[in-house]
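Asks: What follows is each chain in one-letter form.
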Amino acid sequence: GNSVTQMEGPVTLSEEAFLTINCTYTATGYPSLFWYVQYPGEGLQLLLKATKADDKGSNKGFEATYRKETTSFHLEKGSVQVSDSAVYFCALSENDYKLSFGAGTTVTVRA
Amino acid sequence: GAGVSQSPSNKVTEKGKDVELRCDPISGHTALYWYRQSLGQGLEFLIYFQGNSAPDKSGLPSDRFSAERTGGSVSTLTIQRTQQEDSAVYLCASSLQLKDTQYFGPGTRLTVL
Numbered sequence: 001g002n003s004v005t006q007m008e009g010p011v012t013l014s015e016e017a018f019l020t021i022n023c024t025y026t027a028t029g030y031p032s033l034f035w036y037v038q039y040p041g042e043g044l045q046l047l048l049k050a051t052k053a054d055d056k057g058s059n060k061g062f063e064a065t066y067r068k069e070t071t072s073f074h075l076e077k078g079s080v081q082v083s084d085s086a087v088y089f090c091a092l093s094e095n096d097y098k099l100s101f102g103a104g105t106t107v108t109v110r111a
Numbered sequence: 001g002a003g004v005s006q007s008p009s010n011k012v013t014e015k016g017k018d019v020e021l022r023c024d025p026i027s028g029h030t031a032l033y034w035y036r037q038s039l040g041q042g043l044e045f046l047i048y049f050q051g052n053s054a055p056d057k058s059g060l061p062s063d064r065f066s067a068e069r070t071g072g073s074v075s076t077l078t079i080q081r082t083q084q085e086d087s088a089v090y091l092c093a094s095s096l097q098l099k100d101t102q103y104f105g106p107g108t109r110l111t112v113l
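Sequences listed follow chains Z and S, in order. Going by my numbering, the final residue of the first sequence carries number 111, and the count climbs one at a time with no gaps. Going by my numbering, the final residue of the second sequence carries number 113, and the count climbs one at a time with no gaps.
Chain Z extracted, bound-state conformation:
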């Protein structure tokens, strides 16, 4: 079956630091890959996505590249802000369109 494994948190960083959250997946076919973000007190929002190998998704300074050879979709941001404090979820979906999520990584950015 499909599964997503993401780096355990919590992660605490200082402002302007570099952020990486690792995500690897197991799938039977060729899934689409997503990063969702949940800000404090808010609902899940799509941050970025990639639908095929070597695609790069990007949004709000975050990037992730679909790596089929390593079955990975690591999230990166070069310079984080306090407003990036949130829980980040890696997810995949295949032809059945159900999202399978990782456990979530809590990120706290300190001023």
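Hints are computed from structural coordinates only; laboratory data are not their basis. It is possible that some hints are incorrect.
As the list claims (entries may be wrong) - A short list of chain S residues far from chain Z (calculated; beta carbon distances all over 10 Å):
1) V12
2) S62
3) E85
4) T101
Said to hold, decoys possible - Listed next, with one range per pair, are the computed distances between beta-carbon atoms:
5) S:G71 / Z:Q45: 41 to 49 Å
6) Z:T70 / S:Q80: 38 to 46 Å
7) Z:T71 / S:K99: 36 to 44 Å
8) Z:A53 / S:D63: 34 to 42 Å
9) Z:D54 / S:T78: 42 to 50 Å
10) Z:T26 / S:S62: 33 to 41 Å
11) Z:T51 / S:Q41: 23 to 31 Å
12) Z:G29 / S:Q83: 45 to 53 Å
13) Z:R110 / S:T70: 45 to 53 Å
14) S:E20 / Z:G29: 32 to 40 Å
15) S:T13 / Z:E94: 31 to 39 Å
16) Z:A103 / S:P61: 16 to 24 Å
17) Z:G29 / S:L39: 24 to 32 Å
A virtual CB, placed ideally from N, CA and C, is assigned to each residue, including glycine.
Got chain Z; can you put chain S on it based on the hints?
Replies: Using the frame of chain Z, we list chain S on its own:
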């Protein structure tokens, strides 16, 4: 425009009672999904509806859980004879079509005492 809305935002119930959770998808979205977010299980898929097709119920954890979607719009998730392990945040999402981006509602936090 309006996003996905869910009601109630919080529900506290006693073990053994039935509960109904409501989801209003984004207008015009044909696909609707229910997920559950709990401490022990993380975020897990429950059920989805696509237009008038039969729903995919493969994620429902037991026969106490059921869902319907009336007129291709509003959906209700019903949990009968609630148990403490049903305590979770129940999330609804909708998308224009099955293959499109899913937009999530704020969730209903269910607490079973």
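Asks: State for each hint whether it applies.
Replies: Tested hints:
Every Cβ of chain Z is farther than 10 Å from the Cβ of V12 (chain S); the closest lies at roughly 19 Å, confirming the non-interface assignment. Every beta carbon of chain Z lies more than 10 Å from that of S62 (chain S), the smallest distance being close to 18 Å; the non-interface claim holds. The claim that E85 (chain S) is not at the interface with chain Z holds, since no C-beta of that chain comes within 10 Å of its own (minimum 18 Å). The beta carbon of T101 (chain S) is not kept farther than 10 Å from every beta carbon of chain Z, the shortest such distance being approximately 6 Å.
The hinted range of 41 to 49 Å is not satisfied by G71 (chain S) and Q45 (chain Z), whose Cβ atoms lie roughly 27 Å apart. Between T70 (chain Z) and Q80 (chain S) the Cβ separation comes to about 45 Å, which falls inside the hinted range of 38 to 46 Å. Our hint of 36 to 44 Å for T71 (chain Z) and K99 (chain S) is violated, since their Cβ atoms are close to 22 Å apart. About 40 Å separates the C-beta atoms of A53 (chain Z) and D63 (chain S), a value consistent with the hinted range of 34 to 42 Å.
Separation of D54 (chain Z) from T78 (chain S) is about 44 Å and conforms to the stated range, judged on CB atoms against 42 to 50 Å. Taken as a hint, the range 33 to 41 Å is violated for the pair T26 (chain Z) and S62 (chain S), whose Cβ atoms sit roughly 26 Å apart. At about 27 Å, the CB distance of T51 (chain Z) to Q41 (chain S) agrees with the hint of 23 to 31 Å. Distance hint for G29 (chain Z) and Q83 (chain S): a CB-CB separation of about 35 Å, inconsistent with the stated range 45 to 53 Å.
A beta carbon spacing of about 48 Å between R110 (chain Z) and T70 (chain S) agrees with the range 45 to 53 Å that was offered as a hint. Taking 32 to 40 Å as the suggested C-beta distance range, the pair E20 (chain S) and G29 (chain Z) conforms, at roughly 36 Å. The supplied range of 31 to 39 Å is met by T13 (chain S) and E94 (chain Z), whose beta-carbon atoms lie about 35 Å from each other. Hint check: A103 (chain Z) to P61 (chain S), Cβ distance near 18 Å, so the stated range 16 to 24 Å holds.
Hint check: G29 (chain Z) to L39 (chain S), Cβ distance near 31 Å, so the stated range 24 to 32 Å holds.
Going down the numbered hints, you'll see the structure goes against 4, 5, 7, 10 and 12, while the others check out.
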